[in-house]
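Residue numbers (our numbering), protein chains in the order written: chain A, 84 to 251; chain B, -5 to 95.
Hints are computed from structural coordinates only; laboratory data are not their basis.
Here a beta-carbon is modelled for each residue, glycine too, at the ideal position from N, C-alpha and C.
Since no wrong hints were added, every one of them can be taken at face value.
Here chain B is said to cover these stretches of chain A; the calculated rule only asks that three of the stretch's residues, wherever they fall, bring their Cβ under 8 Å from a Cβ of chain B:
(1) 105 to 114
(2) 131 to 144
(3) 222 to 231
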Amino acid sequence: MLLSALVMVLNKNAVNSAMCMIVTLVSTAGLFILLEAYFLAILQVLVYAGAVMVLFLFIIMLLDVDKGNNYEYLKQKFAFFAQLLGFSLLFFLVFNSFSKIYLPTTELVQISNVGEAGTIAFSNTAKSFGQILFTKYMLPFQVIGFLLLVAMIGVIVISKKQSTDTEK
Amino acid sequence: MTIGINEFIIVSSLLFLIGFLGVILRRNTIIIFMSIELMLNAVNLALVAFSRYNNTMDGSIFVFFIMTVAAAEVAVGLAIIVMIYRQRQTILVNELNQLKG
Chain A
84 MLLSALVMVL
94 NKNAVNSAMC
104 MIVTLVSTAG
114 LFILLEAYFL
124 AILQVLVYAG
134 AVMVLFLFII
144 MLLDVDKGNN
154 YEYLKQKFAF
164 FAQLLGFSLL
174 FFLVFNSFSK
184 IYLPTTELVQ
194 ISNVGEAGTI
204 AFSNTAKSFG
214 QILFTKYMLP
224 FQVIGFLLLV
234 AMIGVIVISK
244 KQSTDTEK
Chain B
-5 MTIGINEFII
5 VSSLLFLIGF
15 LGVILRRNTI
25 IIFMSIELML
35 NAVNLALVAF
45 SRYNNTMDGS
55 IFVFFIMTVA
65 AAEVAVGLAI
75 IVMIYRQRQT
85 ILVNELNQLK
95 G
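Bound conformation, chain B alone (with noise of 0.2 Å):
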C-alpha cells in the first residue's frame, strides 16, 4: 500500500475545510482561534508533503517558522481574548457590536 502526495493534499484541504467552517459557524471567540490554528496546522501539513515529495528541505523549515509564528500568535489572541471578556463580560462574537451604527 503505497501512499502518495494525493492522498496528504485531500486530507490536508479537508482539515483546511474542516477549520473554515468553525471559523464561519461557531459565536465562541475561543473556538474560532482554534479553527484557525487547524487551518494552520493543515496548511502546515501540505508544506510538509510537498517538501518531502519534492526532496527539498525549504518547506520543514517553513513550517518551522509557522510553528514560531502561531505560538505568538496564540499568545497575543488569547491576551486579546481575556482583555475583551474583562471589559464586556462576554466572547461571544455576536455581542461584540460596540462598532455597530
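Only chain A is shown next, with the shape it has when bound in the complex (with noise of 0.2 Å):
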C-alpha cells in the first residue's frame, strides 16, 4: 500500500499514477475492515475509489496532459509480469480457501468495553452510525447537505461562464 502509494506520488504518468491512488484507496478501505468499521470501508470504496478517481480519470483524459510519450516498448514486459501476478494471486486464493493452511490471521487489541459516561460506544453497524447521524450530529449533517449543494452549483456556474467566454 504504500509502495503503490509511492509510485503514485512518483511516476510521470498521470494516469498510471491514478491507478496506483486506486490501489491505496482499496488497501486503506482493507484496513478500515480491519478496524472493523465495515460501513466507512464500503463507503471509501465508493465514494473514492469509484466516484473521485472517475472524475479524475476523466479530466486526465480530457486535458490530456502528457503527449508523446512513448511507453510501447515497456507495454510487453508490463503485460507479462501483470499476467503472471494475477494469476499467481487469483491461485493463492484458491488455494487458501480450499485448503486447511491458512494465513496467520490477525487480530486487534481488545477494546475496553468501559467508555466514558455520556459517549456512544463503537459499533460497526450502519443503523447505529444513522442513528447517530440524525440525533446528536443533525446540524452538521444538514450543513453537509448544503455544502454538496453549494458545490455542484458552483461547478455548473464555473464551465458554464468559461464556455460563453470562449464564444464571444
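Build the complex from these two chains, which are given one at a time in their own frames, with help from the hints.
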C-alpha cells in the first residue's frame, strides 16, 4: 500500500499514478475492514475509488496532459508481469480457501468495554451510524447537504461562465 | 499476531508524509490534487483507528463528514483546473506565474 502510494507520487505518467492511487485507496478500505469499520470501508470504495477517481481519470483524459510519451516498449513486459501476478494471486486465493492451511490471522487488541459516560460505544453496523447521524450530529449533517448543493451549483457556474467566454 | 494502535498511526503518518512529498515535489496540478486526497485519506485512517481504540463512534462520523467534504472539494477543484487549462493551456504549477511582479 505504501509502495503504491510512493509509485503514485513519483510516477511520470498521470494515468499510471491514478491507477496506483486506486490501489492505495482500496487497501485503505482493507485497513478499515481490519478496524471493523465496515460501513466506512464500503463508503471508501464507493466514494473514493469509484466516483472521485473516475472524475480524476476523466479530467486527465480531457486535458491530455502528457502528449507523446512512448511507453510502447514497456507494455509487453508490463503485460507479462501483470498476467503472472494476477494468476499467482488467483491461485493463492483458491489454494487458501480450499486447503486447511490458513494465513496467519491478525487480530486487534481488545477494546475496553467501559466507555466514558455520555459517549456512544463503537459499533460497526450502519444502523447505529444512522442513529447517531440523525440525533447527535443533525446540524452538521444538514450543513454537509447544503455544502454539496453549493459545490454542485458552483461547478455548474464555473463551467458555464467559461463556455460563454470562449464563444464570444 | 495482534495489532495495536501504534501500527495504524505509523502507517497513516507515512501515508501523510508521502502525500506531502507529492504536494512539494510534483509540478502537475492534477497529481498535487491527488496527493492532497491522499493526505485526507491518511487522516481518515488515523481517525478511524483512534475511534476504534477509544470505543467511541464520533471519529467514524467525522470520517464520514470528511469524505463528503473531500468529494465536494474534488468536484470544485477539478472544475477550476479545467478552467485554468482552457485559459492558459497548461496545468504545470511553475508556468502559472501570472501574479509574478
